[in-house]
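There are 2 protein chains.
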Amino acid sequence: MIRPYKKSLLTPGPTPVPEEVLLSQAESTIHHRTDEFRSILKEVSEDLKTIFQTKNQVLIVSSSGTGVMEAAVANLMQDGVRFIPVVGGKFGERWAEITKAYGAEYDVLDLEWGVTLNLDDLREKLKVGDSRKVILTTLCETSTGVNYDIRSMASLAKEFNALIVVDAISGLGADELRMDDWGLDIVVSGSQKGLMLPPGLAFISLSKDAQSLIESSSSPKYYFDLIKAGKSASKFDTPWTPAVNMIVALRTALKMILDEGIENVWKRHANLAAMTREAVASLGLKVFAQRPSSTLTSVLIPESLDSEEMVKFIRAEFGISIAGGQAELKGKIIRVAHLGYINLFDVLSGIAAIEFGLHHFGYKFKLGAGILKLEEEFLKSCKDEA
Amino acid sequence: MIRPYKKSLLTPGPTPVPEEVLLSQAESTIHHRTDEFRSILKEVSEDLKTIFQTKNQVLIVSSSGTGVMEAAVANLMQDGVRFIPVVGGKFGERWAEITKAYGAEYDVLDLEWGVTLNLDDLREKLKVGDSRKVILTTLCETSTGVNYDIRSMASLAKEFNALIVVDAISGLGADELRMDDWGLDIVVSGSQKGLMLPPGLAFISLSKDAQSLIESSSSPKYYFDLIKAGKSASKFDTPWTPAVNMIVALRTALKMILDEGIENVWKRHANLAAMTREAVASLGLKVFAQRPSSTLTSVLIPESLDSEEMVKFIRAEFGISIAGGQAELKGKIIRVAHLGYINLFDVLSGIAAIEFGLHHFGYKFKLGAGILKLEEEFLKSCKDEA
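Which chain is which? The protein sequence lines are A and B, in order.
Numbering-wise (the numbering used here), the first sequence opens with residue 1 and increments by one.
Numbering-wise (the numbering used here), the second sequence opens with residue 1 and increments by one.
No lab work stands behind these hints, which were simulated from the structure alone.
Just so it is clear, CB atoms sit at the ideal spot from N, CA and C, and this is done for glycine as well.
Treat the hints with caution; some may be incorrect.
[Stated by the list, open to error] Label-pair restraints from in silico Cβ distances: (1) A:260 to B:27: 53 to 63 angstroms; (2) A:7 to B:220: 48 to 58 angstroms; (3) A:46 to B:222: 52 to 62 angstroms; (4) B:1 to A:46: 19 to 29 angstroms; (5) B:222 to A:30: 45 to 55 angstroms; (6) A:379 to B:330: 22 to 32 angstroms.
[Unchecked claim] In silico DSBU-like links for lysine-lysine, alpha-carbon gap of 30 angstroms or less: (7) A:7 to B:380; (8) B:366 to B:380; (9) B:125 to A:6.
[To be verified] Here are some, though not all, of the chain B residues that point toward chain A, as calculated from beta-carbon distances under 7 angstroms: (10) 3; (11) 268; (12) 341; (13) 343; (14) 349; (15) 352; (16) 363; (17) 367; (18) 368; (19) 371; (20) 372.
Could you build all of it, start to finish, from the sequences and the hints given here?
And the structure:
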């Protein structure tokens, strides 16, 4: 074990939280039914619109991301609506599980994990029957590292008067996302990813079409009742007690992001992601995702190695947390995040730790190739900028 | 400027402070004339003895390290005492300045900066005249990165019934130091180096010989009166209001060090220092210090470059603080600390930042050579341990 042992997160959530944000969260709790808190809610609601690239309300919910995924289904569900969960990983599966839990009508679009979507397959699903279709999909499928082409899916959806609901939990603030321009109907996200907060807050925004559809839903719901939440939000209030300190911290985090500018943030993530993929390739390893997201890089580990063991070794020896594979990818991939408050030097440490891990488990490669490539790509990107 | 921009200290003081220590310091201030505080003082005083490797009291003073350097001189000074400041850098100079400020009798032993001491030169100084000699020297001369051979100097001092006073401000907790075994008379240190605290506390310990000598001193002093401080300390008290929160934080930091074991801490520092020197050499650069300390590595920068510019560039672009040269070394060297809470990955980032700096200023070298060497040396050291 390396000394001094420090814990560092290179996982695709939770991600590291800046000191300024932690200190905001540590300020004395204030009461939520006050003008002071309402003015904070007003400020963060406006800033969230910029992050979501929408003119719609962005509702803040005290839950994990899964809570607002459920909220989307629970509020849309009604007779004559058929959900199309796009399932190419664990978080696509979650959409399918929620529709099933609610007894909704649904028709899974099954994808090979790691592979992006064929639009024709989606078109086939949209054609079936007369019910109103609601596509449930993912900006970044965290389990595989795939970024789906949401923009094209949304434009296909419009052809069929279908709605598209996007889980942007890990993708928001990393992968490009333009809710209004792309015509997305519901976008959900969570706090512990690109927004650089601890877990505990979730966000959901509805288009006018989604808003009018949820008004005719009679599915049981209470905590996640979005009509109630929307009414409160229009008065800069919340229906239930909000996670006050987290919302105060959110204000600080959003200010940091908007100081940089959301398009710059996307560009920075794309840049660091590209460098990371080059570094991985220079170790002789293959990136798993066909259309890789800027939030994380998923890496196929040679068959002789167990990625779970790698992840454990790296955490125990170096204090650096990377993620392993989930479900059918368990043991087969590692996942390195370059998300939120993670910068080039954090990734440099992560790649060095992976090199030490590969060396420890007897994989043959050129020591230092990954970190050298990162330096080279960084200098190249500086040149491109100049 | 890299984003997200994070500040990281690779300077030989202040050094990074562990979160546990910062959180201890953030606890509610308690009153100092209480049993609760006295029991904390008792605990840290015992732990400091282990760090100093002494059975003597270790006094805690609210000041910077310079304060306890002054305390040593102010309390020893008297007719018939002649100080020998060993001056091979900025902190040796400070000893000379203090003796001068006090109007003491002194005889500087001037060394070339970066070079270690020739014991014969010291012997010559000890031979002169009849007055009692007090050597004022430095464990790690922070301005040059030299570690002086304190053990041999102390044994030479004994031959002449001379006293030896050691500035271990940056060296304590990094370079080996054994106050009692080596026969050191006064050792002083500060909080913001190997002890992993913010600046604000200083420490001083006196041998029996030093204790009896200060009793006959009549030089003016009040805040730094060590007889008064010693009497208070024997009742686990302080003569003046102590920096309460820092002493609470000190308890946490000392526990971390002693959990690892002081000899392990020295070994770890020596190991990381050796790796850093190898990394520097692989960039074609020369280590400046002849007998390098484990606290920091001083590196000669090629004449075509200005080290001040390098330091500014690295801080501005990457948020990483390394030190430049002081006084006659200004512009000529950079100094990289591997001290206290700094670990392998911090040094890896530092060396990468230095590579980017060298590249930026047009120095020709093999990109990645430094960080690769660090990886190689780390794996070698793991093998040696196994």
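Original post:
Which of the stated hints cannot be reconciled with the structure, identified by number in ascending sequence?
Top reply: Numbers 1, 9, 16, in rising order.
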